[in-house]
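Q: Spelled out, the chains give:
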Amino acid sequence: MYKQAHYDEDFLNSFNTGNDFYMEDVEDTYPVSIKRKKLELPNVRSVDVSRHFTRLSEMNYSVDLGMYPLGSCTMKFNPKYADYVASFPQFQNVHPLESESRIQGTLEVMYRLQQLLVKISGMDFASLQPSAGAHGEFTGILIVRKFFEVKGELDKRDEIIIPDSAHGTNPASAAMAGFKVVEVPSNSKGLVDIDALKAAVTPRTAAFMITNPNTLGIFDDQIVEIADIIHKNGSLLYYDGANFNAILGITTPGIMGFDIVHFNLHKTFATPHGGGGPGAGPVAVKAYLKEYLPVPVVVMENGKYSLYYGLKNSIGKVSSYNGSYGVVLRAYAYALKNGNNLSLNARRAVMNSNYMARKLSASFEIPYKTLKKHEFVLSTARTGRRALDISKFILDYGIHSPTTYFPLIVKEAMMIEPTESVTKKDMDYYIDVMEKALEVPEDTLKSSPVNTSVGRIDEIAAARNLILKWPDPFENS
Amino acid sequence: MTETDEILQYLNISSDEDLFADIPGRLRVSMDLGSPMDELSLINSISKTAGKNIPPEMNFLGNGIYDRFIPPLVDEIIGRNEFLTSYTPYQPEISQGILHSLFEYQSIISDLTEMDVTNSSMYDGFTSLAEAVRMAYRINGRNEVLVPENIYRSQLSIIENYVIGLNLRIIKYKFGNDGLIDMEDLKSKISDRTSSIVVANPNFFGLIDENSFHVSEIKKDALLITYYDPVSLGLIIPPGGYGTDIAVAEGQQLGIHMNYGGPLLGLFSFKKEYVHRSPGRLIGLSNDNAGRKAFVMTLQAREQHIRRSKAMSNICSNQALLAVASLAYLSIMGSDGLKKIALITMNKSKRMKSALSHAGVAPVFNGINFSDNLFYFDRQEKLAANNISGGIRLSDLSDYQGYKNSAFFSVTEKTADESIERLAGIIGE
Numbered sequence: 000m001y002k003q004a005h006y007d008e009d010f011l012n013s014f015n016t017g018n019d020f021y022m023e024d025v026e027d028t029y030p031v032s033i034k035r036k037k038l039e040l041p042n043v044r045s046v047d048v049s050r051h052f053t054r055l056s057e058m059n060y061s062v063d064l065g066m067y068p069l070g071s072c073t074m075k076f077n078p079k080y081a082d083y084v085a086s087f088p089q090f091q092n093v094h095p096l097e098s099e100s101r102i103q104g105t106l107e108v109m110y111r112l113q114q115l116l117v118k119i120s121g122m123d124f125a126s127l128q129p130s131a132g133a134h135g136e137f138t139g140i141l142i143v144r145k146f147f148e149v150k151g152e153l154d155k156r157d158e159i160i161i162p163d164s165a166h167g168t169n170p171a172s173a174a175m176a177g178f179k180v181v182e183v184p185s186n187s188k189g190l191v192d193i194d195a196l197k198a199a200v201t202p203r204t205a206a207f208m209i210t211n212p213n214t215l216g217i218f219d220d221q222i223v224e225i226a227d228i229i230h231k232n233g234s235l236l237y238y239d240g241a242n243f244n245a246i247l248g249i250t251t252p253g254i255m256g257f258d259i260v261h262f263n264l265h266k267t268f269a270t271p272h273g274g275g276g277p278g279a280g281p282v283a284v285k286a287y288l289k290e291y292l293p294v295p296v297v298v299m300e301n302g303k304y305s306l307y308y309g310l311k312n313s314i315g316k317v318s319s320y321n322g323s324y325g326v327v328l329r330a331y332a333y334a335l336k337n338g339n340n341l342s343l344n345a346r347r348a349v350m351n352s353n354y355m356a357r358k359l360s361a362s363f364e365i366p367y368k369t370l371k372k373h374e375f376v377l378s379t380a381r382t383g384r385r386a387l388d389i390s391k392f393i394l395d396y397g398i399h400s401p402t403t404y405f406p407l408i409v410k411e412a413m414m415i416e417p418t419e420s421v422t423k424k425d426m427d428y429y430i431d432v433m434e435k436a437l438e439v440p441e442d443t444l445k446s447s448p449v450n451t452s453v454g455r456i457d458e459i460a461a462a463r464n465l466i467l468k469w470p471d472p473f474e475n476s
Numbered sequence: 000m001t002e003t004d005e006i007l008q009y010l011n012i013s014s015d016e017d018l019f020a021d022i023p024g025r026l027r028v029s030m031d032l033g034s035p036m037d038e039l040s041l042i043n044s045i046s047k048t049a050g051k052n053i054p055p056e057m058n059f060l061g062n063g064i065y066d067r068f069i070p071p072l073v074d075e076i077i078g079r080n081e082f083l084t085s086y087t088p089y090q091p092e093i094s095q096g097i098l099h100s101l102f103e104y105q106s107i108i109s110d111l112t113e114m115d116v117t118n119s120s121m122y123d124g125f126t127s128l129a130e131a132v133r134m135a136y137r138i139n140g141r142n143e144v145l146v147p148e149n150i151y152r153s154q155l156s157i158i159e160n161y162v163i164g165l166n167l168r169i170i171k172y173k174f175g176n177d178g179l180i181d182m183e184d185l186k187s188k189i190s191d192r193t194s195s196i197v198v199a200n201p202n203f204f205g206l207i208d209e210n211s212f213h214v215s216e217i218k219k220d221a222l223l224i225t226y227y228d229p230v231s232l233g234l235i236i237p238p239g240g241y242g243t244d245i246a247v248a249e250g251q252q253l254g255i256h257m258n259y260g261g262p263l264l265g266l267f268s269f270k271k272e273y274v275h276r277s278p279g280r281l282i283g284l285s286n287d288n289a290g291r292k293a294f295v296m297t298l299q300a301r302e303q304h305i306r307r308s309k310a311m312s313n314i315c316s317n318q319a320l321l322a323v324a325s326l327a328y329l330s331i332m333g334s335d336g337l338k339k340i341a342l343i344t345m346n347k348s349k350r351m352k353s354a355l356s357h358a359g360v361a362p363v364f365n366g367i368n369f370s371d372n373l374f375y376f377d378r379q380e381k382l383a384a385n386n387i388s389g390g391i392r393l394s395d396l397s398d399y400q401g402y403k404n405s406a407f408f409s410v411t412e413k414t415a416d417e418s419i420e421r422l423a424g425i426i427g428e
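Chains as they are written, first to last, in numbering that gives the first Met the number 0: chain R, 0 to 476; chain D, 0 to 428.
Below, a list of computed lysine-lysine pairs in the DSS-like style, where the Cα atoms sit at most 27 Å apart:
1) K349/D / K37/R
2) K186/D / K270/D
3) K311/R / K403/D
4) K118/R / K51/D
5) K309/D / K155/R
6) K270/D / K36/R
One side of the interface only, derived from the structure: several residues of chain R facing chain D at Cβ under 7 Å:
7) L40
8) N42
9) N59
10) G167
Computed footprint of chain D on chain R, listed as stretches where at least three residues anywhere in the stretch have a Cβ under 8 Å from a Cβ of chain D:
11) 132-138
12) 265-276
Hints in this document: simulated from the structure, not taken from any laboratory.
In this text, a Cβ means the ideal position worked out from N, Cα and C, and glycines have one as well.
Just chain R, with the same shape it has in the complex (with noise of 0.2 Å):
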């Protein structure tokens, strides 16, 4: 049985056992005009900040500790070469200002990486600039907008269309561009309804932004009449990046007539994602749409690398400076080392999917009963119990709890994605665990989790009730 840490950890501004950084005194001689009048940080000893922190990470689930299959977020394993190498000085101690005669290294690994993102998509150019997956629809929609102010069909053009089952970020991320959100039913197949999406496309349409395989784990074999329809409109089609690590090797956007890809490199190549981020979230164009990504890109010269500005159409800058180097050189290194595996990953990933699908299927409802991809959704609805109640009930195990409620159009659902990291052992006992939450009293479920850090949360009351910085210890005094 599994059993997370617990400390009562108290807050660190209220510590109060005394700063020890030291540096010496230096001169002050500015004006009082410009001072703040008090600063209070935490005044604590280095060893109590180590403690605290490690204190702290005992109550923290991860993907090192153990099976954590989020579908749609595609959580594998993290190799540690990967870190390894962004930990080296000459990578991580780069300005992003610095002349680019003296980084041809790093220059080099952006460049590659372009290439094979390129190549792996299907699709002729690349920018490295977004910062996550979201960040890189935003990339993508803007040079959808662009592409269509310079064609002078910008005034025509303000919808982009979108599947029921996409990610919440695709209709954020159309929107946040200024484009109307056209929302297009899925079938009884969970596939998209080609005669809601026939209705659903007019002269005004822009895009449509679809994820294949989509997030019920199910390829859109319709794709090629999808694409059809989109271009015979005039439309363009967009590829979401997200469910990229279940086809690599086998298909490509490209082949299926996607114009714009976005990919999430923490996704697909396996870079460890910090509590939520950083993330990194590259575009891919087909050539007619190259002039307008972002700038800068890297270019590859007689050998030597250099940043390219002069896009004629550019989009201009979506981030402060080069994207998140930091990633791009950890999926990087996984691409290196993998090679042609990453296809076998693919593989894998995808016969885990319906290994656990196929065996959850006699306790679950698994809607849309056709092969899986990456990852599969099941609906707890008939069993009586509620998705939150279960997904509750297996963190007690030391297991991550799959993604709930999501797709939207799926009863309480649980999403699951196994990914390639995982082996029969861990997803048999896995199994198990999801089928034993249909067999104790529901008030076990109701009353759980037990074993972990904490039992479950209010989330109503940190609503209402707003807390979001710790308290002031001096407020009283």
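Start from chain R and add chain D according to the hints.
A: Structure of chain D alone, referenced to chain R:
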């Protein structure tokens, strides 16, 4: 029988190829992604690539990203696998470590800036600034934003991209000969159409801009957005001390390696009355069913996964790990440490101005500089020849039309006095 065979047998399929039977043949591709490498070869190969980088002998590059001292404990903390390899804390009961840390990050940045609320991080400083402009527009619906005329080109480009779908006009206000905000010009441009006013302190010339402390007195009903330098707040009046509504910054200097400019850390704070209009994730304090202190992601109804096209932002992945790094950094430094780093930085700037002046290279402004110092200087080839990084032209960073032949030399607490003397010696020759 291998595990794979067992699973395939269970699935009743003969080869793993059949796992892709749903992908039509004409969509199948084959590609050569290279032979897999063993770990030793990989490390050797990437070491070789890293070796192609030539570190400068002296580095005076800054303008937003700085080579500051990082206490080794910071890397140790964020290198802990429990933080490093975890995901967004969607299951809070099993993720209290990262939630507690991010709550403390929100707290420490709120204390540092004297702002009410800080979210649990944005991508970087420039996107934070752009999101702040969007947030102000959501709050008051007005359609003009006033920005400094010397704003970095990349910053302006990001703002333009972020407001592309809004009915918002960007207007530039002027700077005086002292390098500080021209208050008369700014005042003349503020009207009931003004949604927000962006000020930078230190400003884009590198100066502590005392005029920025008085913008709130003339801003009428517009929102004041302050772009600040977090290390400078060890000494300087914080944004909350002069009526700032939304305070944003680049947090890289707080314990994060330069990494060629990414990943970075966007700091984002604001007054509490605007919390429901704010972008990004917020961690709130609550309690569990046994009454114990417990943390959760809160006000999620503002976010993309719930609100979809009506969300306050599209942010999903943020910079959680780097937020923890900055929290660790500030805790290790403490008030005294941060104050001294700010002072040393400013003293080095003074020293740099004096040394280069003596070498015949004049500073553009007389004011108080933080890290960045602007000089009349255009002999960049001399720097390259001497293995020195720095001397970034103002015109390379900004579309600002003044001070054509000027360049930046930046310092931090790591800049050795001898380096400043040597720089002066070389460019004075």
